[in-house]
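A.B. asks: Listed here are the chains, written in short residue letters.
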Amino acid sequence: GAVVSQHPSWVICKSGTSVKIECRSLDFQATTMFWYRQFPKQSLMLMATSNEGSKATYEQGVEKDKFLINHASLTLSTLTVTSAHPEDSSFYICSAIGVTEAFFGQGTRLTVV
Amino acid sequence: SQELEQSPQSLIVQEGKNLTINCTSSKTLYGLYWYKQKYGEGLIFLMMLQKGGEEKSHEKITAKLDEKKQQSSLHITASQPSHAGIYLCGADNGLMGNTGKLIFGQGTTLQVKP
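Chains as they are written, first to last, in the working numbering: chain W, 1 to 113; chain P, 1 to 114.
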């Protein structure tokens, strides 16, 4: 079964509102989780590294004030898309490193209308 | 920065045929992952390779990492419609290849015709 659970699977929101996406490691503790974004017909691009108990590390070009990451526990990281706009519509997916491999969540399809 | 180039970008094969997808890195690969994705869904882990010359198989899928650790191939034998999807290779830049922070290739879309 899934070892990394992501919620919600899909969400539609109005432009200007904020959306929170959760990523949970189910069978293990994850001090580090990763958030990726995938635009249609493109590959996954790393957005940020989520660190338990400390600030997230963002990749170049990713706005930290727009994509708020909180990693308050060893099993939960959240990504909040603030003041969402249509160009933020994308597939967001998280991952966590297990003993031998990286496990990915099911992904969240965000549509901003 | 490291880049991964996958080829071909898309592939259509007849059911029962064999196929190979390649992943070439601009730098040494310390951890190379293969995933399968159906569009808009999560990633399904296939295999991870770390050692030069390493080869792993699962059911009808075999992945290899070359001795120089800069190229990997994914081979599917006797393809079935269930193999259809997007295949992604991902590189972990950590020296042990297991940081979990991956750079992905652009993906290869596979269609299998019944």
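Mixed in with the good hints, there may be bad ones.
In silico BS3-like links for lysine-lysine, alpha-carbon gap of 25 Å or less [what the hints assert, rightly or not]:
no. : chain 1 : residue 1 : chain 2 : residue 2
1   : P       : 68        : P       : 27
2   : W       : 41        : P       : 51
3   : P       : 64        : P       : 27
4   : W       : 20        : P       : 101
5   : W       : 55        : P       : 101
6   : P       : 113       : W       : 41
7   : P       : 27        : P       : 101
8   : P       : 101       : W       : 66
9   : W       : 14        : W       : 55
10  : P       : 60        : P       : 27
11  : P       : 101       : W       : 64
12  : W       : 41        : W       : 20
13  : P       : 17        : P       : 56
14  : P       : 38        : P       : 51
15  : W       : 41        : P       : 101
16  : P       : 27        : P       : 56
17  : P       : 68        : P       : 17
18  : P       : 113       : P       : 101
19  : P       : 113       : P       : 27
20  : W       : 14        : W       : 41
21  : P       : 17        : P       : 64
22  : P       : 113       : W       : 20
23  : W       : 41        : P       : 36
24  : P       : 51        : P       : 101
25  : P       : 17        : P       : 101
26  : P       : 68        : P       : 113
27  : P       : 17        : P       : 38
Under 7 Å between C-beta atoms, here's a sample of chain P residues computed to sit facing chain W [unchecked claim]:
no. : residue
28  : 40
29  : 42
30  : 43
31  : 81
32  : 84
33  : 101
34  : 104
35  : 106
If you are wondering where the hints come from, they were derived from the structure by calculation, not from laboratory data. Note that the Cβ used here is the ideal one computed from N, Cα and C, for glycine as well.
A.B. asks: For each hint, tell me whether it holds in the structure or not.
C.D. replies: Hint-by-hint comparison with the structure:
1. P/68 - P/27: Holds - the C-alpha atoms of residue 27 of chain P and residue 68 of chain P are around 10 Å apart, at most 25 Å.
2. W/41 - P/51: violated (31 Å)
3. P/64 - P/27: holds (17 Å)
4. W/20 - P/101: holds (22 Å)
5. W/55 - P/101: This hinted pair holds, its Cα atoms lying about 16 Å apart.
6. P/113 - W/41: holds (21 Å)
7. P/27 - P/101: holds (16 Å)
8. P/101 - W/66: Answer holds: residue 101 of chain P to residue 66 of chain W is near 21 Å, not above 25 Å.
9. W/14 - W/55: violated (28 Å)
10. P/60 - P/27: Violated, at about 29 Å.
11. P/101 - W/64: At roughly 18 Å apart (the allowed maximum being 25 Å), residue 64 of chain W and residue 101 of chain P satisfy the hint.
12. W/41 - W/20: Measuring from Cα to Cα gives roughly 24 Å; hence the hint holds.
13. P/17 - P/56: holds (20 Å)
14. P/38 - P/51: Measuring from Cα to Cα gives roughly 28 Å; hence the hint is violated.
15. W/41 - P/101: The given pair, whose Cα atoms are some 21 Å apart, holds under the 25 Å limit.
16. P/27 - P/56: OK: residue 27 of chain P and residue 56 of chain P at ~22 Å, within 25 Å.
17. P/68 - P/17: Status violated; Cα separation ~29 Å.
18. P/113 - P/101: With a Cα-Cα distance of about 35 Å, the restraint between residue 113 of chain P and residue 101 of chain P is violated, given a limit of 25 Å.
19. P/113 - P/27: violated (35 Å)
20. W/14 - W/41: holds (24 Å)
21. P/17 - P/64: Roughly 19 Å separates the two Cα atoms, so the pair holds.
22. P/113 - W/20: violated (40 Å)
23. W/41 - P/36: holds (14 Å)
24. P/51 - P/101: holds (18 Å)
25. P/17 - P/101: Since the Cα atoms of residue 17 of chain P and residue 101 of chain P sit roughly 34 Å apart, the hinted pair is violated (cutoff 25 Å).
26. P/68 - P/113: The given pair, whose Cα atoms are some 35 Å apart, is violated under the 25 Å limit.
27. P/17 - P/38: holds (21 Å)
28. 40: Cβ of residue 40 of chain P sits 6 Å from chain W, so the hint holds.
29. 42: holds (4 Å)
30. 43: With Cβ-Cβ at 4 Å, under 7 Å, it holds.
31. 81: With Cβ-Cβ at 21 Å, over 7 Å, it is violated.
32. 84: The hint is violated - residue 84 of chain P has no Cβ within 7 Å of chain W, the shortest such distance being about 16 Å.
33. 101: holds (6 Å)
34. 104: It holds, given that the least Cβ distance between residue 104 of chain P and chain W is near 5 Å, below 7 Å.
35. 106: holds (5 Å)
Checked against the numbered hints given earlier, this structure breaks hints 2, 9, 10, 14, 17, 18, 19, 22, 25, 26, 31 and 32; the rest are met.
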